[in-house]
Amino acid sequence: MKKPRFRQLLQGLAVLTQFFPFTWLYRRIYALAVRLCVRRLQRIRGVAAIYLRRGLASGRPLYGLSDIDLLVMVDNNQPSRVRASVLYQYELLRRLIPMLPEGELALYDFEEFRTLYEQSPFYRHRFEQGRRHWQRLYGEDIFRNLPPPLPLEEECCLALQELSPAWYYLAQELTESEARPPFVRRYVAYKSLAEAARALVVSRGEDPGISRESALQRATAQYPELSARLSKVQSLRRHLLSRKPVPVDDLLETFFRLTRTALAENSPGNGVRRVLRLQPLPPAVFPLPGFAEALATVREACAALKEMERAVLLPRLRFDSVAELGMDLEELAGATMDALDLVVIGQGMPPAERLRRFNSILDPLQPLVNPFFCDLEAGVAVALRPLPGRVVKTPAWDPEFFACLSSTQPLGHNLEVAAALEVVRPFPRADSFDQRARTLLALFHQREVFQITPRSYFTLFWEAGRGAWMAAQARQPGDLDVPVTSAQVLEALVSLTPAAEPTLRQIYREYCREAGDRPPEALRYVNWARWYALHLEELLFSPGQLNLNPPPPPRTELSISVAMATRNRAQLLGTALQSLVDQVRPPDQVVVVDNASGDDTPAVALSFARRLNLILLREETVGIPQARNKALKHCTGDLVAFLDDDCKAEPHWLLELELPFLKDPHIGAVGGSLLPLAGQSELVAQFYDSRMSADWGKSRGVIPHDHPDSR
Amino acid sequence: MIIQILGELKEEGYLAKGRHPTVAPFFAGANMAIRRHALEEIGGYDPQCVTGEDCDICARLSAANWELYMRRDSVVFHKNPATLKRLLQQWYGYGRYHPYVFAKHNEPAVEIYARLKRPISGERYRCLFYRRSPWAVVLFLTNFLMLHLALFGTGVAWLLGGSLLSWAGLGVTMMLAVCYAWPDLRHWGLRRGAAFAGLRYLADLALFVGAFIGGLHQRMLYFSAPVD
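Taken in sequence, the protein lines are chains A and B. Heads up: the first sequence runs through residues 689 to 1399, numbered per my numbering. Heads up: the second sequence runs through residues 470 to 697, numbered per my numbering.
Isolated chain B, as found in the complex (with noise of 0.2 Å):
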């Protein structure tokens, strides 16, 4: 759900039953049309979704075995934020309310998942450890976090007094970062992608820092993904 990417949806046709609700696709909830009385029999929204609630009326539609569709060519434009600020309070508050939604939908566990280069039925990551625990943990390994440990190691191997190792380090983090960039810069050239890749990875950064917070809320370390 929280981490599934709408960008996947734009074919037209039925939505993959996901096999877990917590990877399942689902849609946008500024353009969709619900059956009344299958809105009424899930009872409604969540009110306590303040953001995901569209991912949550997908995950429960779906468990309550009505079919969920995307229809491409009915069009909505949207309106993006204007300014930096609003659009880092726009992720931030995406980031928020994931974790609520995932904890509602799945058990305290200790989860990792990774993120898979294209996706196998709707499912963009995939689970590689689920340990059922009452420490919930929940940690997407992406670009994002790999170049952020990268980070914290050298910057613990410098502290440390490790040269050779803190450079080694510095060498793994300039590699990831441009890894991080690499899609940015290979379609807008250099400058401007790089410009969009730092407007990026603050929104990424807002979005983590967001759902961090959020996963504390759920008594979760909750490690995001950044949505793509």
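Excised from the complex, chain A in its bound form (with noise of 0.2 Å):
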């Protein structure tokens, strides 16, 4: 951890020396870094413009603290090339210049800016913001090709949604995890809390480009009841290097007022309203793995937080909120989980001492249960642990929340389980449902969608059947039936498809499975849950004749055909056969090719003819890739695995190398590790051995990293 400390010694020097000559010196430093980003990027082929976003675009920026936010805007052909090329290039930035954050380059092409744009409520307003905002550096003018700005009052009531990222910078204060120097807590708080107040005036028909110091002296102005603690706000700022502990409680109370007078003033946008019915939650058989344990950790956490009145476990349900992540794969299957929102109950902000005990008692069921403090009275829900999207919930917004808390049963304790229930909900468009299955049935057609990891897939599948039962079930008119677990989405599933019900199950207990932490075996299914996902984009959104008899789910095991190339090597070609024969998962068929041997090869492979499918090969031409070929030639087995006669398999060889195929149709090969034979004693042997160990030591994983020269 050199490099944060090397950061943070850089930033505490700028803090310390921020009046004029210096500051001088930092803003040439600042022009400067950004002019060497924009010409080593907008030399890339296919970099259609880019941007300076945030801090230091808009408002005074605190050199030294503030990020450089670039934002890059490709062009639509060949949209992937283009991208690793910008991520490369910005990684190499990175590393020259300490001001480049890590990881927030805004990165996208004019599609997807544009649909990001008409789609999502929350980008909307980050991009008007832009408008105003965003500096060019390069390129054309990206908002050209957007609608016209809106209307100033509808603006007014998008700024609302800032509130949500404002509480996530405050929210860092309640984590125990990092140690962050003074000045760096101090700023931060200050950031969240001037953002809050600019959502606060800005909802009252200010103009939005108002800065942060101006909308903190506005809301002062405004609100004299909040006076005295928004000046505490104000000399946050002016003493960031204060030896005086950040007033966190203070602070929380503060940003908790301030939303409660920004909710309490603005009414919730209009839409087409329907009435949904979620389905009851059994308290016995919840989604949750585990779910005894799981109640025990949660019970011992509210036991930590005595200020508690009651708390309330309920299902998490965003349907909107492909829209609002952007379609982001990894965030929207951490947000649409088979997961519960912990609602804790009480009035007034708790000590953030105990909040950060309860939170981190509750760590180990991350991200399954996220915790949120609620004030009944006031209306207004914050998240203590905030995943992205939206983290502060009012009756307005949320009524589903609201609703099921206020209709629950009890689970022993004071811990209470939501009921089922109805509510009435706003949504968008009249068509949300349609928009909504169908942006999640497409992601199955999309490559990346294998590159998450089993369980975020899986949530994804869940979430794209719900969000496919409620789009056939919107066609006709009447309440809609949510269902909430993965369970209740599959028995929905298997009364809209019944024919695929088999397939379903074996989805569903495979899921199971691998949420109980039995990874290996999970992989095998997730090709079916791909196949019934396109099958029933098929079912529901092509025109014409319905197929309702789906084709017959891809095989489970694929065929495995082991090739081995040999020459004079007869006793480690034995050695290596014999760690064949005891595979867990047996070979389908071997294939050794002879190359020119003069010894008795012949003789060792065909002693193993009894034990394994095998064929012997005799190939004349000295040469690895002749006899592979060679080989080749003679496998019927789908996959080709490889393996030189100088080796040895471990039993789960096979079994392994397998599993990815079966994940994922596009993977074309995969390689595995090689490590050293044991008990080689010799000078050479001794020199590879110890050069590993000495990775060893510098891998954090579990198995040492491949050698040097494996082939």
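No wet-lab data here; the hints were simulated from the structure. It is possible that part of the hints are untrue.
[What the hints assert, rightly or not] Pairwise CB distance ranges, derived in the manner of DEER restraints:
# : chain 1 : residue 1 : chain 2 : residue 2 : range
1 : B       : G482      : A       : S915      : 51 to 57 Å
2 : B       : A533      : A       : L1222     : 22 to 28 Å
3 : B       : A533      : A       : P1240     : 25 to 31 Å
4 : A       : R1135     : B       : S602      : 35 to 41 Å
Glycine included, each C-beta is placed from N, C-alpha and C at the ideal position.
Two chains, each in its own frame: build the complex with the hints.
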């Protein structure tokens, strides 16, 4: 961890020297860094525009603490290749410029930019702000193709969306994990509250381009009851280097009051209203794996929080997450999991110290249980451990959230669980359900969807299933039945496509297994899930004849041929073939190519013929490629695994090699680890061993990494 | 490919798609499984690749839009060469066909690569200079090469009689030699570290010579990177 310390040192120096000659110097350094970035990035072919966002572009940056946030727009043709180059260049620049934040490069192509703008209120607001604040550094005007700016009233409503990111900053105080220097903590806390104040005054009709400082001043003038608290916030910024601890409790209370004021004065957006009937949650068979232990942990956490009146467990329902999160696979999967919100109800925020302890007890359950603190009177809930997405909730925005709270079943102690209920919920557009289902199902066409973790993948699958079920129902008038847990989604899908019932049950069994931490088998039915999702898409959205009989699902086992080329190593060959006999998942065929050997290789190979399905070939031209090509001609398996004659396979070798192929049809080749054979004591072998164990010390994995010359 | 280091592949998961096949990651040929129809689609192994067939196959699969996946839990134990002679032969052999694979996936050009301390998306080497030309020259600026350049410079300076210059050159050479041996010395102490560094030096030298000769066969000047 050398890097952050170096960075913190630089930051500390910069904060210490925030006066004239130095500030001038810092401004020059920042300008130089930005110019360097632009010069590197604009040279990539396919980059259409570069913008400077946020801190530096709007308001007064604090040189030293402010990051350089860039936005890069790429052309529509060949976006993936251009993206890779841009990210590579950005990584290179990051090694040189400490002000470039990790993973915060916004990278869009025009189509994506427009889709986000049109579909997601969150991004629409962001881009509207960008119209005003972002600086164009290079290229064309990216806002040219967007619809004209929103009328001011509508923008004022959107301003409240900013409360969520603002809370995100402050919530960093509620975790114990990282040790940030005090001036960073002060600055971030200040930023959070100033953003909240800005959201408040902008929603009251102030000019959206207002800076943080003046927003705070306006809020102080408009709300005299908050003025004492807000002046404390201003002093945070003024005395960044003060040694006094950050008054977290005070700040939490201030944020809560600001939020309450802001939300009380605004009405929810309009839209199509539909009645949703949520299915009851059976407390015994909860979606969480190991629910009994999880419940014990939750109880323990609640006991740590004395201010709590009661706590309610309820399903996390995010019907608009696709649009909101901009189809980011990882985040989407995290947001819509078989997960629970744990809502702690109390009067006034508990002290930060206790909230920290509460969070740390719940840590092992992340992200399956997400704690909220809710003040029912104020009608505001804030996430104690925010995931990306909406983290400040209000009755107007999240009716189901609060409907769940009012209708509950006791779960022992002061813990409750949400019961079945009906809510009326506005949806932004009439075809919201179709749009959502289509977007979710279309994800299964994408290659990237396989690259997320199996758990996220399955989550996405159940979410897509729920979306499809709701879309199918929404085509008829009347109430909508909403399945909540994955088990309920399963039943819904079975009733939708009875022909696919066995497949669905198998996928569900596999999902439960995976959720219970039994990973290897889990990959096996991933492909079935994809196949079913594509089938659903065809069923729901294809015009004309519906194909009610799904095609047979893909196989769950592939046949494997093992190809071995050998030359004059009869003894070693025996060991290698024996290791194939010992495989947990035996090979379906073994092809040994005798590459013009002069010893008793054929005899050794044939001695295994009874235990393996073995073919022995002879190739007179010496050379690995020739021998392997010869073997390939005689292989019949779906996969060809290559093993060298001087190697010995571990018993799980083939089983492990096969799994990725089952998971993702786009995978062409899978490679594994190579380790030195035990008990080689010669000088050279010792050299290899020593170098490998040196690397062992460096690598953080369980298994040391591969051999330098492993071929 | 050739210049990619297998040590970077310890992470489970999809291999990063290289921006160029010459620097893309690949995995070892002694432990891999390939979809049969993918292998048939790209036409099997290239019979001219006596070694380095695995980089070649990975680069071609990747170019044919197949994904490559590293499965760390699938383990094969490998027997190392037991004598110095075998070791040097082996590394000479690897070096000998580097240039062939390199030339196969790359047009003739003058190229200079520098080594990155930490790889970016699996790429260990960064192209500093690239210009297409009928004369193919490939140069990897590594400690190993710098050390020899400094040694060569010192020798020339000594022959020309510039005593001060030759002393300075000697100093630089010594410094580079320490840099070269440093990872081994750090992990294994002075005595074992020095022995292992010497062994590594021999292996690198064999690889370098092999690659240079292989380069001449391909009508290029190929100054290889040590595989470490």
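Results for each hint:
Checked against the hint of 51 to 57 Å, the C-beta distance between G482(B) and S915(A) comes to roughly 54 Å, which is consistent with it. For the hinted restraint 22 to 28 Å between A533(B) and L1222(A), the CB-CB distance of approximately 23 Å keeps it satisfied. In this structure, A533(B) and P1240(A) meet the distance hint of 25 to 31 Å, their C-beta atoms being roughly 27 Å apart. For R1135(A) paired with S602(B), a C-beta distance near 37 Å keeps the hint of 35 to 41 Å intact.
In summary, this structure violates none of the numbered hints.
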